[in-house]
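So the protein sequences, as listed, match chains A and B.
Its first residue numbered 129, the first sequence is counted upward by one per residue in this note's numbering.
Its first residue numbered 1114, the second sequence is counted upward by one per residue in this note's numbering.
Among the hints, erroneous ones may be present.
To be verified - Straight-line alpha carbon distances no greater than 30 Å define the calculated DSSO-like cross-link-like pairs of lysine-lysine that follow:
| id | chain 1 | residue 1 | chain 2 | residue 2 |
| --- | --- | --- | --- | --- |
| 1 | B | 1169 | B | 1118 |
| 2 | B | 1181 | B | 1169 |
| 3 | A | 137 | B | 1150 |
| 4 | B | 1184 | B | 1150 |
| 5 | B | 1184 | A | 137 |
| 6 | A | 137 | B | 1169 |
Stated by the list, open to error - Some chain B residues judged to face chain A by a derived CB distance under 8 Å, without partners named:
| id | residue |
| --- | --- |
| 7 | 1145 |
| 8 | 1153 |
| 9 | 1156 |
| 10 | 1159 |
| 11 | 1182 |
| 12 | 1185 |
I should point out that these hints are in silico values taken from the structure, not numbers from a laboratory.
Glycine is no exception: its CB is placed at the ideal position from the N, C-alpha and C atoms.
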Amino acid sequence: NAGVTQTPKFQVLKTGQSMTLQCAQDMNHEYMSWYRQDPGMGLRLIHYSVGAGITDQGEVPNGYNVSRSTTEDFPLRLLSAAPSQTSVYFCASRNSGGGTGELFFGEGSRLTVL
Amino acid sequence: DQQVKQNSPSLSVQEGRISILNCDYTNSMFDYFLWYKKYPAEGPTFLISISSIKDKNEDGRFTVFLNKSAKHLSLHIVPSQPGDSAVYFCAASELRGAQKLVFGQGTRLTINP
């Protein structure tokens, strides 16, 4: 069972370049989200989605775009990368109802913007 | 404005002893709390949760205590084992399964043999 899969695991970009971080889950979860982890800041929510076609902003959405065309996939786009976007990015998903409400995380994508 | 705070960046505990990780929050609307554990180069994994209607929840060696009046929760690990060495994040939301989960900064726990 793959769970939440993120690609790439590592990426180096130059300022102004664009890229997409991919996230796919095979657990049929309605809810998916993107977090970034920075030293001393913990995990901060960038964007989330409660189902295909529905997305909304989190705590730090500026500079990022998302879309949700299928239940399985939730890509995160950086249109014009900035050094402030150097971070480790985590995609997470969960069931919409019942249980503990726990998030299932991918292994992370480490992005460096020069 | 950090709504969930873990004021100890690191903690070192001897194997077999109790580890106590603390977390404070400022938003009185938070009603549901979770702890996650993270190893290097891996994503966080869920450990234990607690709803505000309880003041304690246990799962094996892990117990979470909630003091709602003080806006404080703690995670107790007894006995501590070397495999418990990791970064621990507490997280809070306005209800179980809410769309926005707010995380603390994390505490790095090191268990010494």
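Structure-based check of each hint:
1. B:1169 to B:1118: 20 Å, holds
2. B:1181 to B:1169: Satisfied, since the Cα-Cα distance of roughly 11 Å is no more than 30 Å.
3. A:137 to B:1150: Roughly 20 Å separates the two Cα atoms, so the pair holds.
4. B:1184 to B:1150: Since the Cα atoms of residue 1184 of chain B and residue 1150 of chain B sit roughly 21 Å apart, the hinted pair holds (cutoff 30 Å).
5. B:1184 to A:137: Given that 30 Å is the threshold and the Cα spacing comes to 37 Å, the pair is violated.
6. A:137 to B:1169: 38 Å, violated
7. 1145: Holds, about 7 Å.
8. 1153: 10 Å, violated
9. 1156: With Cβ-Cβ at 3 Å, under 8 Å, it holds.
10. 1159: 4 Å, holds
11. 1182: 24 Å, violated
12. 1185: 17 Å, violated
Comparing the model with each numbered hint stated earlier shows that hints 5, 6, 8, 11, 12 do not hold.
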